[in-house]
Each structure stands twice: as structure tokens, then as C-alpha cells.
Amino acid sequence: MIINRLKHLLSAGTALVSMLVLWAVPASVQAEWGLNLQRPVTEIARVQYDLHMLIMYIVTVIGIIVFAIMFYSIFKFRKSKGAQPAKFSHSTKAEVIWTVIPTLILIVMAVPSTKALLLMEDTTESDMVVKVTGYQWGWHYDYMEEDVSFFSKLTTPQSQITGTETKGENYLLEVDNHLVLPVGQKVRILLTARDVIHAWWVPQLGGKKDAIPGFINEMWIRADETGTFRGQCAELCGKDHGYMPIVVDVVDESQYQAWLDGQRNKG
Amino acid sequence: MTTTVADHHHDEVPKGITRWLFTTNHKDIGTLYLWFSFTMFLIGGAMALVIRAELFQPGLQVVDPHFYNQMVTVHALIMIFGAVMPGFVGFANWMIPMMIGAPDMALPRLNNWSFWLLPFATSLLILSLFVPGGGPAAGWTIYPPLSVQGGMGVDLTIFTIHILGMSSILGAINIIATIMNMRAPGMTLMKMPLFVWTWVITAFLLIAAMPVLAGAVTMLLTDRHFGTAFFDPAGGGDPVMFQHIFWFFGHPEVYILILPAFGIISQVIPTFARKPLFGYTSMVFAAAAIAFLSFIVWAHHMYTVGMPLSGELFFMYSTMLIAIPTGVKIFNWMATMWRGSMSFETPMLYAIATVALFTVGGLTGLMMAITPADFQYHDTYFIVAHFHYVIFCGSVLGMFAGVYYWLPKWTGHMYNETLGKWHFWLTIIAFNVTFFPQHFLGFAGMPRRIPDYALQFAEFNVVSSIGGFVLGYSQLILLVVVIKAIRGGKKASAEVWDNPEGLEWSVASPAPYHTFATAPEVR
Numbered sequence: 001m002i003i004n005r006l007k008h009l010l011s012a013g014t015a016l017v018s019m020l021v022l023w024a025v026p027a028s029v030q031a032e033w034g035l036n037l038q039r040p041v042t043e044i045a046r047v048q049y050d051l052h053m054l055i056m057y058i059v060t061v062i063g064i065i066v067f068a069i070m071f072y073s074i075f076k077f078r079k080s081k082g083a084q085p086a087k088f089s090h091s092t093k094a095e096v097i098w099t100v101i102p103t104l105i106l107i108v109m110a111v112p113s114t115k116a117l118l119l120m121e122d123t124t125e126s127d128m129v130v131k132v133t134g135y136q137w138g139w140h141y142d143y144m145e146e147d148v149s150f151f152s153k154l155t156t157p158q159s160q161i162t163g164t165e166t167k168g169e170n171y172l173l174e175v176d177n178h179l180v181l182p183v184g185q186k187v188r189i190l191l192t193a194r195d196v197i198h199a200w201w202v203p204q205l206g207g208k209k210d211a212i213p214g215f216i217n218e219m220w221i222r223a224d225e226t227g228t229f230r231g232q233c234a235e236l237c238g239k240d241h242g243y244m245p246i247v248v249d250v251v252d253e254s255q256y257q258a259w260l261d262g263q264r265n266k267g
Numbered sequence: 268m269t270t271t272v273a274d275h276h277h278d279e280v281p282k283g284i285t286r287w288l289f290t291t292n293h294k295d296i297g298t299l300y301l302w303f304s305f306t307m308f309l310i311g312g313a314m315a316l317v318i319r320a321e322l323f324q325p326g327l328q329v330v331d332p333h334f335y336n337q338m339v340t341v342h343a344l345i346m347i348f349g350a351v352m353p354g355f356v357g358f359a360n361w362m363i364p365m366m367i368g369a370p371d372m373a374l375p376r377l378n379n380w381s382f383w384l385l386p387f388a389t390s391l392l393i394l395s396l397f398v399p400g401g402g403p404a405a406g407w408t409i410y411p412p413l414s415v416q417g418g419m420g421v422d423l424t425i426f427t428i429h430i431l432g433m434s435s436i437l438g439a440i441n442i443i444a445t446i447m448n449m450r451a452p453g454m455t456l457m458k459m460p461l462f463v464w465t466w467v468i469t470a471f472l473l474i475a476a477m478p479v480l481a482g483a484v485t486m487l488l489t490d491r492h493f494g495t496a497f498f499d500p501a502g503g504g505d506p507v508m509f510q511h512i513f514w515f516f517g518h519p520e521v522y523i524l525i526l527p528a529f530g531i532i533s534q535v536i537p538t539f540a541r542k543p544l545f546g547y548t549s550m551v552f553a554a555a556a557i558a559f560l561s562f563i564v565w566a567h568h569m570y571t572v573g574m575p576l577s578g579e580l581f582f583m584y585s586t587m588l589i590a591i592p593t594g595v596k597i598f599n600w601m602a603t604m605w606r607g608s609m610s611f612e613t614p615m616l617y618a619i620a621t622v623a624l625f626t627v628g629g630l631t632g633l634m635m636a637i638t639p640a641d642f643q644y645h646d647t648y649f650i651v652a653h654f655h656y657v658i659f660c661g662s663v664l665g666m667f668a669g670v671y672y673w674l675p676k677w678t679g680h681m682y683n684e685t686l687g688k689w690h691f692w693l694t695i696i697a698f699n700v701t702f703f704p705q706h707f708l709g710f711a712g713m714p715r716r717i718p719d720y721a722l723q724f725a726e727f728n729v730v731s732s733i734g735g736f737v738l739g740y741s742q743l744i745l746l747v748v749v750i751k752a753i754r755g756g757k758k759a760s761a762e763v764w765d766n767p768e769g770l771e772w773s774v775a776s777p778a779p780y781h782t783f784a785t786a787p788e789v790r
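Protein sequence lines, in the order shown, are assigned to chains C and Y. Numbering-wise (the working numbering), the first sequence opens with residue 1 and increments by one. Numbering-wise (the working numbering), the second sequence opens with residue 268 and increments by one.
In case anyone wonders, no lab produced these hints; they're calculated from the structure. For clarity, every value in this text was computed on a predicted model and none was experimentally measured. Glycine included, each C-beta is placed from N, C-alpha and C at the ideal position. One or more hints might be untrue.
So the derived label-pair ranges between C-beta atoms look like this [unchecked claim]:
{"hint": "1", "chain 1": "C", "residue 1": "Lys76", "chain 2": "Y", "residue 2": "Thr306", "range": "33 to 43 Å"}
{"hint": "2", "chain 1": "Y", "residue 1": "Lys688", "chain 2": "C", "residue 2": "Lys76", "range": "13 to 23 Å"}
{"hint": "3", "chain 1": "Y", "residue 1": "Glu726", "chain 2": "C", "residue 2": "Glu253", "range": "53 to 63 Å"}
{"hint": "4", "chain 1": "Y", "residue 1": "Phe562", "chain 2": "C", "residue 2": "Ser91", "range": "29 to 39 Å"}
{"hint": "5", "chain 1": "C", "residue 1": "Thr162", "chain 2": "Y", "residue 2": "Glu726", "range": "14 to 24 Å"}
{"hint": "6", "chain 1": "C", "residue 1": "Ile97", "chain 2": "Y", "residue 2": "Phe736", "range": "39 to 49 Å"}
Assemble the whole structure, with the sequences as input and the hints as a guide.
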């Protein structure tokens with residue numbers, strides 16, 4: 001009997017519960033295990049991260065409540081335990097409650113989301129402009145006020161892709177020419193494309209944006225710290241969509257100027 | 268007036284292949300639809316296994332990137348247009364006339380044609396994989412300009428979509444005509460079973476949405492071959508306009524895929540909870556509200572496209588609103604189970620899993636509604652995980668619930684409960700093993716639609732691929748269950764279950780070839 005009951009309880013959804021537990025693992029642990037969004041290094045990425053965590057906690061709590069009630073019912077109101085079915089088929093009070101409460105939760109979620117969006121869309125008062133052009137299959141960067149521009153393409157050798165050679169540490173996330181940006185400056189990024197739609201995305205620097213032929217999209221980045229940050233094209237753009245990574249070096253102002261001089265001399 | 272002689276004549280079931288080719292019988296056509304749907308489910312599933320095989324390890328092992336993109340595209344098209352939509356039309360054909368006490372569908376010959384368009388349409392799509400240049404490789408969303416670059420396979424896909432759309436519209440017209448005109452006396456609208464309600468709403472969505480898609484792909488066709496520039500910026504066109512038009516179809520399409528499943532589980536849960544459905548009226552209105560909202564949220568699929576701020580805010584708020592009617596439905600199912608007297612036969616297990624796992628998909632959907640956060644989620648594996656929780660766990664598991672629920676009515680035999688439970692547990696566990704890790708992959712930054720990936724994504728992809736193969740092969744159990752039930756087994760009574768509600772249980776099992784030649788009286 002007990003075994004039978006246990007079996008039924010299991011049959012109600014151990015998998016589901018363990019799933020939720022996984023989800024509820026604290027953020028600090030998740031970050032180490034590559035389970036969560038990458039560590040943000042710009043204000044936008046940070047706002048996105050915080051919003052993401054807030055919403056995820058809200059939906060996790062909702063999920064746990066829903067699952068708890070379902071499993072309680074499954075365990076408690078079973079015919080095999082002699083449960084007698086009730087006859088009720090509606091309750092205005094309950095229905096009002098579960099319409100109003102979700103509405104309130106949504107309003108709570110909408111406020112910070114709106115604020116974040118206003119911040120992200122404010123591309124005014126930028127310190128510099130870089131034009132990013134996607135093409136099949138790589139990126140072209142143009143420092144519009146500096147007369148510096150170059151292409152940036154994958155450098156992972158074919159032998160690593162086909163497996164005849166051991167894959168390197170930055171497999172598929174390495175390019176010949178890095179995009180170099182100064183730390184602390186508000187960089188306005190203009191996006192367009194030469195052939196089909198691409199999307200420029202470096203997770204740690206904030207969200208992605210589509211690069212569309214015939215259109216100019218814009219976004220902005222202000223990196224809080226120096227370092228190398230990697231990303232990929234995020235919009236299916238044909239055969240080698242998986243092979244057009246992005247690498248951004250954020251450096252301090254003097255290094256940036258030195259790099260610019262070097263680029264100009266090259267040209 | 269039908270005479271006894273004529274009735275007798277009609278009771279004969281035609282024999283041979285012409286029975287199926289020329290049939291105008293709603294049950295036969297329903298059967299054809301369901302078998303077609305299951306065949307496509309296996310074909311589309313096989314393509315998913317090609318994808319999972321390639322993603323098992325980083326690097327290229329199994330297919331080249333171009334073929335990988337074709338698999339990604341055709342898997343989605345086959346599953347959406349070949350498996351899920353026809354599957355639900357199969358349920359509609361079999362069950363709606365029996366549920367409303369009608370002798371058949373309102374337009375039986377049209378019904379035959381609606382079905383027989385399908386095999387030709389999907390054959391074109393599968394054929395496209397073998398033409399020069401291969402099949403469509405721009406994703407099922409076929410965004411230009413990428414889809415303009417494709418070869419003849421893209422044209423075949425466009426024609427496939429035209430024909431499938433025609434079939435869907437004809438089917439939808441038939442369903443609306445049947446429900447509006449052929450209900451038994453006393454079967455008022457607000458007495459209709461919820462499955463009938465969700466289908467009538469779905470049918471209106473189909474009629475509204477499918478022509479929009481047809482228009483979009485036709486413009487694509489003329490852009491490709493006749494020198495127009497609807498979507499070509501070089502000719503003054505706008506590639507983003509395609510996305511707007513596509514998703515104006517695409518979002519209602521999502522509810523076309525899910526509402527009939529909501530209907531099925533609204534039939535199943537009360538039966539096994541032995542308690543009437545909670546909040547019937549609010550269920551109907553919630554379904555209608557979801558259908559209405561589906562037309563004003565489309566751009567949440569394209570937040571990153573560079574919309575004005577006001578547009579982003581509008582689509583964020585309207586998308587969040589969907590959580591309310593969806594929540595009402597989930598709470599109503601939970602309240603139906605509350606203080607019931609539940610037993611857990613396979614249909615009930617599937618219905619509960621549908622509610623539980625669809626909730627997961629709904630909650631991740633709410634996360635994605637939040638525009639600023641979606642700039643991180645967009646086009647990552649988080650999205651892939653989300654829509655498989657919604658479409659597999661909502662639509663497909665809902666369909667499985669329906670198959671096990673009505674199989675005894677269709678075949679006259681009880682299915683094998685042990686095999687059913689095996690099917691259920693393998694499916695549920697393997698599904699979660701496959702798709703739950705994909706949430707994490709998306710968070711960590713793995714874009715979707717890539718054949719090869721950076722090394723930090725390797726572990727979860729192994730897990731996901733193993734789950735995928737178990738999930739795929741487990742579906743063969745369903746085939747065994749259905750064949751066994753057709754061939755024999757314990758005789759099913761007319762009621763099959765413990766005092767279920769609905770006219771379909773008032774006729775014998777298996778349901779006679781013609782039912783309700785005389786309309787029943789509904790109190």
C-alpha cells in the first residue's frame with residue numbers, strides 16, 4: 001500500500017520538483033557553473049541582470065506555489081485514498097483573487113522594466129561613435145571620428161572545427177582584429193549590415209541588437225572595467241552564422257590612444 | 268426523412284484504399300489526420316535527432332552547417348504545420364461532431380479535400396531537401412534577405428505554406444460551420460464542451476492569421492523572382508516589414524497550437540478528478556481573451572529589431588497582460604483538481620504534466636516579455652527551451668492526453684495501461700533532461716541555430732542530446748500502444764471511464780461509423 005502510494009506520488013512529478021530546485025539555486029553558485037547570465041560589466045548589462053534576477057525570483061516563487069498546490073491536491077485528493085469529490089464548480093471570490101493578484105504582480109514588474117528600457121534607449125551625449133557592419137560572415141568596425149576601420153574575422157583554424165586538432169581555450173570565440181574601446185566612455189554603436197540581418201551581441205556588455213541592411217540601429221556601451229569580452233552573432237545569417245564571433249578589448253584611455261595611433265599608422 | 272433502408276446502407280463501411288481516398292466520413296478523416304500527424308511527428312523528430320547528434324559535441328561531426336540549418340528549419344516547419352496543426356484538426360474531426368451531437372461535419376467533401384492537400388504539401392517540403400541548393404535554411408521564420416538568397420528549396424517551401432494554409436483555412440471554415448449550425452437541440456453555446464469552444468476560437472484565429480502568412484510568403488516569392496522589392500532595402504523595401512507581417516501571423520499561430528490542447532485537458536481533468544470543470548464561463552472568456560491579445564503582441568518576437576521606445580513599451584505591456592487569462596486557466600484546472608477524487612490513468616498523467624510543464628513555459632515566457640531582459644534572452648537557447656516547454660508540453664502532451672483518453676472510444680479497446688505509463692514517464696523525464704539544461708545554456712550565452720559552439724557549453728549539450736535521443740525513441744511506444752489497441756485488447760464500455768461527461772460517451776465503443784443520425788436531446 002505504502003509502496004503503491006509512494007509510486008503514485010513519484011508518478012506525480014519528482015522530476016518537476018527537482019527541476020524547480022535546480023532553478024532556485026542561488027545566483028552566486030549559478031555564476032560559477034555557467035548557469036546564469038554572464039557577469040555584467042556595463043550599466044545596461046547590470047540593469048538587465050538585476051531585472052532578470054528579480055523576475056526570475058518572482059516566477060520561481062509563483063512556480064513553487066503552483067506546483068505545491070498541485071502536488072498537495074495530487075497527494076491528498078486521490079480516489080485510492082477514498083477522497084469524495086466535492087461538487088463546486090465556481091467561486092467568484094477565488095476567481096477575482098487570482099485575477100487581481102497576478103495583475104498587481106505584473107504592475108510591480110512593469111515599473112523597473114520601464115525604467116530600464118528608458119535607460120537603454122538613451123543614446124544621447126555619447127563620447128564616441130563606432131559603426132558596426134555585419135556581413136557574411138564577419139564584422140567590420142568603423143571608428144567614425146578617427147578615420148580608423150578594419151574587418152574582424154574568426155581565427156579558429158578549420159582543423160579545430162573538424163576535430164583533427166585539439167580545440168583551444170577560446171574555441172570559436174577568437175578573431176583577428178579586436179574591437180578596442182576605452183573604459184568609462186559612453187560609446188554609441190551604430191549597427192547595419194551589408195547582406196542579410198545579423199545581430200551584434202557581447203553578453204557582458206549588454207543586450208544584442210540587430211544589424212539590418214539598409215537600416216541604422218543604435219545602442220550604447222559604457223564599460224566599467226578593462227578586459228576582454230567575447231560574444232557572437234545572434235541572428236541566423238546563413239551557413240557560417242555560428243562562426244562570426246565578436247571580441248572586444250576594453251582598455252584604459254592612454255592604451256586606447258596608443259592603439260588608435262598604431263591603427264592610423266597602419267592605414 | 269431517411270428511411271430504414273437508407274440507414275442500413277450507410278452503416279456499411281467502405282472497403283479498400285478508396286475508403287480513405289474518397290471518404291467524407293468525419294471519423295475516417297479524423298483518423299487520416301491523426302495518422303498523418305503522427306507520421307510527421309516521427310519525421311520531424313528524426314530531424315531533431317540529427318540536430319542533437321551534431322550538437323552532442325563541439326566541432327562539426329555529423330553534418331555540414333548548411334544542412335544543419337536546413338534541419339533546424341524543416342524540423343520546425345514539419346512539427347508546426349505537419350504534426351501539431353493537423354493533429355488537432357484530427358481531434359476536431361473525430362470529436363466535435365460527436366461532442367455536439369451532429370451526424371458529421373457540415374461540409375464533408377471539403378473536409379476530404381482539406382486533408383488530402385496535406386500529404387502533397389509536406390511532400391513538397393521534404394522534396395526541397397533534395398533539390399540543388401537544398402531545402403530552406405533560413406529558419407522557419409524565413410526572414411529576408413537571408414531567405415531571398417536560398418535556392419529552389421525556398422520556393423517549394425513557399426508553395427508548401429500556401430497549400431497548408433489553404434488546408435487550414437478550409438478546415439477552420441468547416442469547423443465553424445459545423446459548430447454554428449449542427450449542434451443538437453438544447454446544445455447552447457455555453458453548454459458546449461470546452462474542447463469545442465477552444466476549437467471554434469482557434470478556427471477564427473486560423474482564418475484571421477493564415478492569409479497573412481500567405482501574403483508574406485507571396486511577397487517573398489515575388490521578391491525572389493519577379494523583381495519586386497517589398498523586403499529589399501536596395502529597392503526601397505523594408506526587411507523588418509516581413510518580420511512584422513510574419514509575427515502578426517506567428518503569434519496567433521502560437522495560440523492556434525495551444526488552445527485545442529487547453530480544450531482537451533479541460534475534458535480530461537474533470538473526468539479523472541470526478542468533479543465538474545471549475546469556472547467554465549471564465550475558461551471560455553479566458554480563451555477568447557488570449558485569442559484577442561494574440562493579435563496585439565506580435566513584436567515581442569522582435570524586440571531587438573530596433574523599434575521606437577513607445578513600441579517596445581506597448582508590446583511589453585500587452586505581452587505581460589497575456590499572463591492574466593493564462594493564469595486564470597491554470598488556476599481553474601488546479602481548482603478542478605482541488606477536493607476531487609483523482610485517479611491517475613495515462614490521460615490524466617498527461618493532462619497534469621501539460622498543466623505543470625506548460626506553467627514552466629508560461630513563466631519563462633513572462634521573463635521574456637520583459638523587454639530589457641529579453642535583449643539578453645533573444646535568439647538564445649533560453650528561447651529554444653521556452654518554446655519547447657510551451658509547444659511540446661502544451662500542445663503535444665495535451666494531444667497525448669487526448670489520444671489515451673479517446674483511444675478506447677476510437678478503437679473499442681482499452682489501451683495497455685502499463686505501456687502508456689512507460690510512454691508517459693520516459694517522455695516526461697527525457698523531455699526535461701533535454702530541454703531544462705537549455706535554459707542555462709541560453710543564460711550563459713549560447714545563441715540558437717548554431718551547429719557548433721564554444722567549449723563552455725559542452726556539458727549541458729551532452730545532457731541535452733542524451734535526453735533528446737531517449738525522448739525521440741520513446742515515442743515509438745505510442746505507436747505500439749495504438750496498434751495494439753486497434754488490433755484487440757480489453758473491450759471498452761460505452762462510457763470507458765468513470766462517469767465522464769459528454770455526448771461522445773453516450774455512443775458505443777468503438778463509435779459506430781455513423782453517429783447521431785438522429786440528433787440527441789440535450790437538457
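Just to be sure I understand the hint, the distance between the Cβ atoms of C/Thr162 and Y/Glu726 should be within 14 to 24 Å; is that true here?
holds, 22 Å
Lying within 53 to 63 Å: is that true of the beta-carbon distance Y/Glu726 to C/Glu253?
violated, 39 Å
Would you say the C-beta atoms of Y/Lys688 and C/Lys76 sit inside 13 to 23 Å of each other?
holds, 22 Å
So the hint says 33 to 43 Å: do the beta-carbon atoms of C/Lys76 and Y/Thr306 match that?
holds, 42 Å
CB-CB spacing for C/Ser91 and Y/Phe562 relative to the 29 to 39 Å hint
Distance hint for Y/Phe562, C/Ser91 holds at roughly 31 Å.
Is it true that C/Ile97 and Y/Phe736 lie within 39 to 49 Å of each other by Cβ?
Cβ of C/Ile97 to Cβ of Y/Phe736: about 44 Å, so the range 39 to 49 Å holds.
Violated hints amount to a single one, hint 3; each of the other numbered hints is respected by the structure.
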